[in-house]
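> Chain by chain, the residues run as shown.
There are 4 protein chains.
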Amino acid sequence: MTRLSDKERRDLLNRLARIEGQVRGIARMVEQDEYCNDILTQISAVTRALDRVALEVLDGHVHGCVREAMVAGGKEAEAKTNELLEAVERFARMR
Amino acid sequence: MTRLSDKERRDLLNRLARIEGQVRGIARMVEQDEYCNDILTQISAVTRALDRVALEVLDGHVHGCVREAMVAGGKEAEAKTNELLEAVERFARMR
Amino acid sequence: MTRLSDKERRDLLNRLARIEGQVRGIARMVEQDEYCNDILTQISAVTRALDRVALEVLDGHVHGCVREAMVAGGKEAEAKTNELLEAVERFARMR
Amino acid sequence: MTRLSDKERRDLLNRLARIEGQVRGIARMVEQDEYCNDILTQISAVTRALDRVALEVLDGHVHGCVREAMVAGGKEAEAKTNELLEAVERFARMR
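Chains as they are written, first to last, in the numbering used here: chain B, 7 to 101; chain C, 7 to 101; chain F, 7 to 101; chain R, 7 to 101.
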């Protein structure tokens, strides 16, 4: 099963490390009693960064596992397709 | 290329007719100066109904066109995969 | 209680009439078996248009009812504030 | 200007510490080449946790700064109202 390439994995890990730092930064803003609206803006930036990471993971997944399962066909293809649609529901905040 | 079955098409058309009626209902609420929060609740119900219609369309699309393109492979598979990822971005309100 | 001005009401009704037409257009696309991805793009345009209408309604609501309730204070202020936060949850697809 | 109570601040900091740990957990999943769909589910859990933190911050903000500004009236009330509506747009991924 095709997984992430080394370059993609490193890129994702870099982004996640940055996001972790941003979350720590938000905690610091809360501790220092910074202005609520600035905290909200920062949380929204992190949420979007996470959405982009998720899209990146999905991209690799569709090009790899999902495509292979569809080419192979059968039950696995159906299972991967359903999983994919559930992932879309989560992206759309429908589940 | 596999498209919607007759049953799926009828089901989608029923939902869309209901949504059209709901939008008209919201207009009536605005005309009659109903309470803002009730209007907001109603708009949110329609937005979700539309998200469910979109998910239904995507479901048929992935089981049909996308799968066939992936099985066939080549440029068309790549094009359909990219389109799919753009659709996910729209579901996630990222584009 | 301050409600929508005539101009705002007319503007909202125009937008809702346009949205109703767009929903009818989507139904036509489904009937004519148009390409799924084009249907998805169109649904996404309508969802966003509805989000903008909702934001417009919320804007009037916050400048009107919510502000008045807050100035008056007491139970009504608390009730309006809670309603407002629930509306935000719906905007964020959290409820 | 009313800010967060001590209890609210501690609660937010606890949640943010948990979220930071979850982000680190996602990085570990990526490193260990875990199944993409499991990573996506985990990212989605963090996004929702962040949305709940944001809603909590907004709750304190509306009960505090926004209410006070509205009671005081004038330019500051208008500025806070506009900021609030922009925050809602971010919650709805409209900006």
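Hint data in this document are derived by calculation from the structure and do not stem from the laboratory. Note that the Cβ used here is the ideal one computed from N, Cα and C, for glycine as well. Watch out, some of these pointers could steer you wrong.
Heads up, simulated BS3-like pairs for lysine-lysine below, C-alpha to C-alpha not over 27 angstroms straight-line [stated by the list, open to error]:
hint : chain 1 : residue 1 : chain 2 : residue 2
1    : F       : K13       : R       : K13
2    : B       : K13       : C       : K13
3    : C       : K81       : B       : K13
4    : C       : K81       : B       : K81
Cβ-Cβ distance ranges computed for the label pairs, FRET-style [said to hold, decoys possible]:
hint : chain 1 : residue 1 : chain 2 : residue 2 : range
5    : C       : G70       : B       : K81       : 11 to 21 angstroms
6    : F       : A51       : C       : K13       : 43 to 53 angstroms
7    : B       : E40       : C       : A51       : 16 to 26 angstroms
8    : R       : Q38       : C       : D44       : 24 to 34 angstroms
9    : F       : E84       : B       : E40       : 46 to 56 angstroms
10   : B       : G79       : F       : R16       : 51 to 61 angstroms
11   : B       : E37       : F       : R16       : 42 to 52 angstroms
12   : R       : G70       : B       : G80       : 56 to 66 angstroms
13   : F       : T47       : C       : E84       : 13 to 23 angstroms
> Within a Cα-Cα threshold of 27 angstroms, do C:K81 and B:K81 meet the stated pairing?
Satisfied, since the Cα-Cα distance of roughly 26 angstroms is no more than 27 angstroms.
> Using the beta carbons of F:E84 and B:E40, state whether their distance is inside 46 to 56 angstroms or not.
Since F:E84 and B:E40 have Cβ atoms about 26 angstroms apart, the given range 46 to 56 angstroms is violated.
> Just tell me: holds or violated, for the beta carbon distance of F:A51 and C:K13 against 43 to 53 angstroms?
Distance hint for F:A51, C:K13 is violated at roughly 27 angstroms.
> Run the distance test for C:K81 versus B:K13: straight-line Cα separation, threshold 27 angstroms.
Given that 27 angstroms is the threshold and the Cα spacing comes to 24 angstroms, the pair holds.
> Could you say whether the range 16 to 26 angstroms given as a hint is met by the Cβ separation of B:E40 and C:A51?
Violated, at about 36 angstroms.
> For the pair R:G70 and B:G80, does the Cβ-Cβ distance stay inside 56 to 66 angstroms?
58 angstroms, holds
> Is the gap between the beta carbons of B:G79 and F:R16 within 51 to 61 angstroms?
56 angstroms, holds
> Using the C-beta atoms of F:T47 and C:E84, is the stated range 13 to 23 angstroms upheld?
19 angstroms, holds
> Against the range 24 to 34 angstroms, how does the distance between the Cβ atoms of R:Q38 and C:D44 compare: consistent or not?
50 angstroms, violated
> Could you tell me whether the CB distance from B:E37 to F:R16 stays inside 42 to 52 angstroms?
49 angstroms, holds
> Quick check: does the Cβ-Cβ distance between C:G70 and B:K81 fall within 11 to 21 angstroms?
At 18 angstroms between Cβs, range holds.
> Quick one, are F:K13 and R:K13 close enough, alpha carbons at most 27 angstroms?
45 angstroms, violated
Hints 1, 2, 6, 7, 8, 9 from the earlier list are contradicted by this structure; the remaining hints agree with it.
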